[in-house]
Amino acid sequence: MTTRSLIATLALALALGATGARAEDEASVEPAKEAQIRDMFVKQGYEVRSVGTEDGKIEVYAVKDGKLYEIYLDENLKVLESEED
Amino acid sequence: MKAKVWDPFVRVFHWTLAAGFAANALVTNPEKDLHHLIGYGIAALLGLRVLWGLMGPRYARFSSFPPDPAAAMGQMADVVTGRRRVHLGHTPLGALMIYNLLLTLLVVVGSGHAMTTLAFWGIRWVKELHEVAVTWAEISVAVHVVAVIWESRRTGVNLPRAMVTGYKEVPDEALTAE
Ligand code: HEM
Ligand code: HEM
Numbered sequence: 044m045t046t047r048s049l050i051a052t053l054a055l056a057l058a059l060g061a062t063g064a065r066a067e068d069e070a071s072v073e074p075a076k077e078a079q080i081r082d083m084f085v086k087q088g089y090e091v092r093s094v095g096t097e098d099g100k101i102e103v104y105a106v107k108d109g110k111l112y113e114i115y116l117d118e119n120l121k122v123l124e125s126e127e128d
Numbered sequence: 002m003k004a005k006v007w008d009p010f011v012r013v014f015h016w017t018l019a020a021g022f023a024a025n026a027l028v029t030n031p032e033k034d035l036h037h038l039i040g041y042g043i044a045a046l047l048g049l050r051v052l053w054g055l056m057g058p059r060y061a062r063f064s065s066f067p068p069d070p071a072a073a074m075g076q077m078a079d080v081v082t083g084r085r086r087v088h089l090g091h092t093p094l095g096a097l098m099i100y101n102l103l104l105t106l107l108v109v110v111g112s113g114h115a116m117t118t119l120a121f122w123g124i125r126w127v128k129e130l131h132e133v134a135v136t137w138a139e140i141s142v143a144v145h146v147v148a149v150i151w152e153s154r155r156t157g158v159n160l161p162r163a164m165v166t167g168y169k170e171v172p173d174e175a176l177t178a179e
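Chains as they are written, first to last, in this note's numbering: chain Z, 44 to 128; chain H, 2 to 179.
It is possible that part of the hints are untrue.
Ranges between beta-carbon positions, derived for each pair [said to hold, decoys possible]: (1) H/Ala-120 - Z/Thr-96: 23 to 31 angstroms; (2) Z/Asp-98 - H/Leu-107: 23 to 31 angstroms; (3) H/Asn-101 - Z/Asp-128: 27 to 35 angstroms; (4) Z/Glu-118 - H/Arg-62: 54 to 62 angstroms; (5) H/Gly-157 - Z/Glu-97: 45 to 53 angstroms; (6) H/His-36 - Z/Ser-125: 17 to 25 angstroms; (7) H/Val-81 - Z/Thr-96: 46 to 54 angstroms.
It is worth saying that the hints were derived from the structure and are not from the lab. No residue lacks a Cβ here, since even glycine has one placed at the ideal position from N, Cα and C.
Here chain Z stands alone, though its shape is the one from the complex (with noise of 0.2 angstroms):
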C-alpha cells in the first residue's frame, strides 16, 4: 500500500470508527419507569424534558425556575447527582 491509500484507508476507518462507537450508549428506560420518574420530578416542581440514559446511569434532563438541569439517577431512582447548567 502506498502512503496515500494508507492516509485514505485511516482517515475512512477513524470516521467510521468514531461514528460506531457512539452508537451503543443510548439505552431507553422502560415507559412505566420513565412515568415514575417524570412524575417524581414534576411533583418536586420540574418540566421534564426527557429521560434517557448515559453510562448506565438513568438521565433526566429537567428545567425548574429558569434553571436546566441534567439529572443522574440510579436503578433504584436514587439522585446520584443534579448538575445544573
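Chain Z is already provided as a structure; the job is to place chain H with the ligands on it using the hints.
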C-alpha cells in the same frame, strides 16, 4: 506553472477548522466547556469564511466556485476518460463538497448551541439532529480527504500542499481551467 490560489485566511481557516472539528468529533467531552468553546470557535470561523466568500480575493469568493452540476459531471467524465484537466480554484466536485461541509457544520454548531438553551434543553430531536449532522460531517470529511488525495494523484497537482503554501504547482503538460 505555479499559481497563487489560496490566500492566508483561507489556509488558516482550513487547518484551524480541520483541527477544531477533529478535536470535537473525536476528543473533547461534549458535556464540558472545552467542547462548547471549540464549537463556538468553529462557528466564528464559518461566519468569517462566509464574509470572505462574499468579499475576499478571487479564488476565495463563492462566485468563483458556484454550485454547478454540469461542470461536476464534466469533472466526473474527466475521471472516467482519463482526461487531465487542472482547475486553478476549487474543482466543481470540490465546490459541491465545500458547500455541503459548510452547511452541515452550520447545522452542527446551531444544534449544538440550541442544546444549551432554555428553549431546547433536553429536547431529544435537537440532540439527535446534532448527532446526525456530526455523523454526516464525518462521512463527508472522509470522502473529502479521499477525494483530495485521489484528485492530487490523478491531476499531478499536490492539493494538500497547495492548501499549506497557497500555490498550485501545475505540471506543464496539463490542460488548465478556471
Ligand atoms: C487531513 C485532512 C484534510 C486534508 C488533506 C484536506 C485538504 C483540503 C484541500 C486540498 C482543499 C482544497 C480543495 C481544492 O483544491 O479545491 C480543502 C478544502 C476544504 N476543506 Fe479540507 N482537508 C482536510 C480536512 C478537512 C476537514 C476535517 C474539514 C472540515 C471539517 C475540511 C473542510 C474543508 C473546507 C470547508 C474546504 C474549502 C476551503 C475554502 O475554500 O475555504 N477539510 N481541503
Ligand atoms: C464542529 C463542531 C462540533 C462537533 C464536531 C461536535 C461533536 C459532538 C459529538 C461527537 C457529540 C457526542 C454525541 C453523542 O453523545 O452521541 C456532541 C454532543 C454535544 N455537543 Fe457538540 N459538536 C460541535 C459543536 C458543538 C457546539 C457549538 C455546542 C454548543 C455550545 C455543542 C454542544 C454539545 C452538547 C450539549 C452535546 C450533548 C452532550 C450530551 O451527551 O449530553 N457542540 N457534539
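Numbers of unmet hints, in rising order: none
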